[in-house]
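Trainee: If you want the building blocks of each chain, they are given just below.
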Amino acid sequence: MTGHTAGEPVTRNEDANHELSIRVRDLNLWYGKNQALSDIDIDIYQKNITALIGPSGCGKSTFLRCLNRMNDLIPSVRIQGLVEMDGRDVNDAKMDEVALRRRVGMVFQKPNPFPKSIYENVAYAPRMHDLVSRKADSDELVERALRDAGLWEEVKDKLQEPGTSLSGGQQQRLCIARAIAVRPDVILMDEPTSALDPISTATIEDLMDKLKQQFTIITVTHNMQQAARVADYTAFFHLGEIVEYNDTKTMFANPATKKAEDYITGRYG
Amino acid sequence: MQTNQLFAIFCGTLLVLGLIAFFLGRSKASRVRAAGTSMHAQPDQYGWFTVLSTAGPAVLVGAVGAFVMLLLGGDIPTFYLLAGSLTVACVGLMAGIYLVKPNFHARKAIEAVVRFLLAGAAMVSIFTTFGILISIIGEAIRFFQMQSFWDFITGTTWNPGASFLEAAGRSDEASSAAQFGSVPLFAGTFMITLIAMLVAIPVGLLSAIYMSEFAPEKVRTVAKPVLEVLAGIPTVVYGFFAAITVAPIVVAVAAFFGIEASFSNAMAPGIVMGIMIIPFISSLSDDVISSVPGSMREGAMALGMTRSEMIRDVVVPAAMPGIISASLLAVSRALGETMIVVMAAGMRPNLTANPFEDMTTVTVRIVAALTGDLEFGSAETLSAFALGLVLFAVTLSLNFVSVIMIRRFREKYRINNL
Amino acid sequence: MNQSFDEISAQLKSRHRKSARLKWMSMGALGLAGMFLVLFFADMLVKGLPAFQQAQIQVEVDYSEQASEIPLAALSEEIRPLVSRGYLRLIPQRMKDNPELQGTTRTEWVLADSAVDQYLKGHHTNLGADEQSTVDRLASQGRAELKFNTTFFAKGDSKMAEFAGIAAAAFGTVMTLLVTLAVAFPIGVMTAVYLEEFAPDNRFTRLIEININNLAAIPSILFGLLGLAIFIGFFGVPRSSPLVGGLTLALMTLPVIIISTRSALRSVPDSIRHAAFGVGCSRWQMVKDHVLPVAFPGIMTGSIIGLAQAMGETAPLIIVGMVAFIPDITGSFTEAATVLPAQIFTWAGEPERAFIEKTSGGILVLLAVLIFMNATAVVLRKKFERRW
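From first to last, the protein sequence lines are chains A, B and C. Mapping of the first sequence onto our numbering: residues 6 to 274, in sequence order. Mapping of the second sequence onto our numbering: residues 5 to 422, in sequence order. Mapping of the third sequence onto our numbering: residues 46 to 433, in sequence order.
Rather than coming from a laboratory, the hints here were simulated on the basis of the structure. Just so you know, even glycine gets a beta-carbon here, dropped at the ideal spot from N, CA and C. Some hints here could point you the wrong way.
Claimed, not checked - Computed list of chain C residues with no C-beta within reach of chain B, every gap over 12 Å:
no.: 1; residue: D51
no.: 2; residue: R62
no.: 3; residue: E105
no.: 4; residue: L117
no.: 5; residue: K141
no.: 6; residue: E145
no.: 7; residue: R182
no.: 8; residue: R318
no.: 9; residue: P342
no.: 10; residue: I374
To be verified - Computed Cβ-Cβ distance ranges for the label pairs, DEER-style:
no.: 11; chain 1: C; residue 1: F341; chain 2: A; residue 2: N228; range: 48 to 54 Å
no.: 12; chain 1: C; residue 1: D88; chain 2: B; residue 2: F194; range: 26 to 32 Å
no.: 13; chain 1: A; residue 1: E145; chain 2: C; residue 2: S312; range: 45 to 51 Å
Unchecked claim - So these bits of chain C aren't anywhere near chain B, every CB distance computed over 10 Å:
no.: 14; residue: S109
no.: 15; residue: R130
no.: 16; residue: L135
no.: 17; residue: Q147
no.: 18; residue: L172
no.: 19; residue: A199
no.: 20; residue: L226
no.: 21; residue: P338
no.: 22; residue: A360
no.: 23; residue: F429
Full structure from sequences and hints, please.
Mentor: Shown next as structure tokens:
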């Protein structure tokens, strides 16, 4: 990479907010003996959409899961390096991973609503976190989260039906509503549309665009058009390294590295 | 003992005939082949075919003959039957050898016979169910001809004491004395089952949660088979343990709290039965909890739930159909459990809600009714079959409900996992 | 503005505490289950191990003329009540068999009465004070001691605790299980082969499958009712015989063998079947020559486990009368016999304290055999476990 500080994008997107949300330095990760991430440096900015792209198995999902310590659930994983948020190292022994996840929410590849009613799916976590105490507050919060997720009109008459009764796209928006209901700072999205049909995908892309007013969104995607459509910044991963981190427009029009160019133009991937 | 000897001679002769058949069939086939004619199968297969054609019809004739005789209720003239079936064997042998021809498909014939035999074996399990049903229902009907069904279901006094008088045809004198009201027996059964479940469900479910959610891999690989040992201990051993060790402890503990307890109280068999059932609940629950999709756990963790909150609010509710199904199976097992209650529970039908008193159960009365020196036709022995019928109906429906619930659970997550 | 990490962490404290509670509770539950198991085995060992030892005393036996008429006369008055009555009863017979004993006086180790046995083991007995001091004296002279109890392993049942053994019951168990194995193994394997390899997928096949699963969950006592009504009542199989017991247990074991054989067959990869068909095997040849040999260890494992289950089963055998009092080993399939669990049940009903010990001893033997069988099954499975 040419002449800029480690972790910063090659080219700045002048429309974007540049307040730092998460700072990652020299992050290395091993599954047992296999190194899956090496020397990751990246700055993530607040209230932006940052897309992570790259061929499958390149480590982008693994990286995403480092940001809210979901990798803790896998016993063989070993992590080194700094992931800093709000002035704190998230991998620090003193960091409560539950508190971290409370501020860094996540939406998964396959919609995974809880085996509860639509209402409970959204209201459950805020209640546990003591964000609401009265029924009326809870109702209001559920409505707002569902409205923000663009699902309210479709489900307002059947809030007591099970979350699993919805269609795939609706389930995914329910999961987004569930994530934003606890008011996190950052929302991680792990290929949120890969299991959905094109219409649902478009709905969710629109939704992401609206949500970035309030949240920092980091999304992993297989679909380069999607990254081009929604993201402010794009990071290209290859074999566990960030090859290029750039303003999305520049990345797709005029990439700084040969590898990124080859990938974007479809020579491999 | 003459029958035994006849039978041995029959078996011996049949074996010899079979050997003769094999070698004759094979040698005929070899000869045909040596003469240059191509055949549809190997000589060995022709040999086996002749064996089948010899022994098959003979055994069939013998078995069907014996069965028909029994059904008609006559004495079996063993000699004629066996002689007849040996004659059939000889005819079969000749027919088999006659059939050894180049254009005969011996292999296909064997295949058909094998398929028939295997299907016949599969029918045995159906016959077993029918056997249980017929034996229980048949005798139960005889019982209900003597005693009113309504009294049996709603009566609160079980006192078969004088029923032998009825068997002796003096029902007028006895009808006031013998009473077959099964309510106290079912009350006792349910009380002991309830105690067992109060032990087994919490301990089993929590153990399953620990093993599938918290335990390190090492603990898990040791704990699972160790728990299974609890299920492998024979019930008669548990019965002894309940009666000799647990019952006195229960009495002592109860006395400490100022409660008077009988030595054949319902607590001891209940607790021990609960211990026995722990592994049923824990291993089935462990399976269903482990099969709750990981995506659901991640969903809860990503919302900032602690591990226990995730388990309590997401994993266990998701696994609930499976857990209920496991519990129903356990209940069905506890209801039908015999040895523990026979050895540790009381013999006295007692309609009470106090688990420290002695009470008896359905299975205890079944055993009691069938081990005495009573005439088989008496109302008391027949009452065992009426009780057995109810037990059969209840356990069968519990099993069905449980199977349906576990199937729902599986289907739900197969769909959800896309 | 959103909350900081510190604010959230502070709120989380009580939730973490609650969360830890579930972990400790669940660990406790597992510990409790383990404790039950330890307690149970400890209790059985403490109660049962003494059964493998039996008190014997060294006495002067006077084979006088009188003793052949009144056996009591063979012993001094002081010793008489301490010696097993079973031994005394045998004296005249022995004198008849060995005429050279006549008129001699010999020093012999003989079986003590069970009261002496219990006294030497430190239990409460109904031995009088005089007798107790006699025993103490004999013990201090080395003339009364606990020796390995061969009677327990060599003899059948007896009303005298010191003469009671498990041999007849063990033999009955072997005979019964032979019948069970001879019936349940072929039928079970054949059923499984039919369902896995031959049966068309239709309603009837599903009916058989549902039926097998139900049979596996039917209370065992109902199989006893079946045995009583059908085998004894209808077919006239002799009551209490290993034949009727074995047949009843066979029907109970059938579902276990079928289910495990099916899973063994299912774990044989289809590529083997396709290869066999490819070289022109018929279906039966394919099963016989290629699938069954591969599935065999799995089938054996399942059958051993099924047999172990049948071995511990008692309730249906009580119903078909296998709780008879059997003092001698019988070698016939059609004569009355008893099995180990039934023997345990009978002894458990005896009021004498010495029989509690016998019962526990019998239980230890039964458990040892069962653990051995299950361990064999596990080893077999481990050894032949194949991954495809």
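Trainee: Against this structure, judge whether each hint is valid.
Mentor: How the hints compare with the structure:
Interface exclusion of D51 of chain C from chain B stands, the closest Cβ pair being 15 Å apart, more than 12 Å. Some Cβ of chain B comes within 12 Å of the Cβ of R62 of chain C; the nearest lies about 10 Å off, and the non-interface call is violated. Every CB of chain B lies more than 12 Å from the CB of E105 of chain C, the least distance being 39 Å, so the non-interface label holds. The Cβ of L117 of chain C lies farther than 12 Å from every Cβ of chain B, with a closest approach of about 35 Å, so its non-interface assignment holds.
Every CB of chain B is more than 12 Å from the CB of K141 of chain C (nearest about 31 Å), matching its label as outside the interface. Here E145 of chain C stays apart from chain B, with its beta-carbon at least about 39 Å from theirs, past the 12 Å limit. No beta-carbon of chain B is positioned within 12 Å of the beta-carbon of R182 of chain C; the least distance is around 33 Å. For R318 of chain C, the condition that its CB be more than 12 Å from all CB atoms of chain B holds, with the nearest at approximately 15 Å.
With a closest Cβ-Cβ approach of about 19 Å to chain B, P342 of chain C is found to remain outside the 12 Å limit, as its non-interface label requires. Distance check for I374 of chain C against chain B: the nearest CB is about 19 Å away, which clears 12 Å, and the non-interface claim stands. The supplied range of 48 to 54 Å is met by F341 of chain C and N228 of chain A, whose beta-carbon atoms lie about 52 Å from each other. The given range of 26 to 32 Å is respected by D88 of chain C and F194 of chain B, whose C-beta atoms sit roughly 28 Å from each other.
For E145 of chain A and S312 of chain C, the Cβ-Cβ distance of about 56 Å falls outside the hinted range of 45 to 51 Å, so the restraint is violated. The claim that S109 of chain C is not at the interface with chain B holds, since no C-beta of that chain comes within 10 Å of its own (minimum 44 Å). Taking the minimum C-beta to C-beta distance to chain B, about 26 Å, the non-interface status of R130 of chain C holds against the 10 Å cut. The Cβ of L135 of chain C lies farther than 10 Å from every Cβ of chain B, with a closest approach of about 31 Å, so its non-interface assignment holds.
Annotated as non-interface, Q147 of chain C keeps its C-beta farther than 10 Å from every C-beta of chain B; the closest such distance is 40 Å. Non-interface call for L172 of chain C relative to chain B: holds, since the shortest CB-CB distance, roughly 22 Å, exceeds 10 Å. Distance to chain B confirms A199 of chain C as a non-interface residue, since its nearest Cβ pair spans about 23 Å, more than 10 Å. Separation of L226 of chain C from chain B is adequate, the least Cβ-Cβ distance of about 15 Å exceeding the 10 Å criterion.
The claim that P338 of chain C is not at the interface with chain B holds, since no C-beta of that chain comes within 10 Å of its own (minimum 17 Å). The beta carbon of A360 of chain C sits about 4 Å from the closest Cβ of chain B, which is not more than 10 Å, so the claim that it is off the interface is violated. No Cβ of chain B comes within 10 Å of the Cβ of F429 of chain C; the nearest lies about 18 Å off, and the non-interface call holds.
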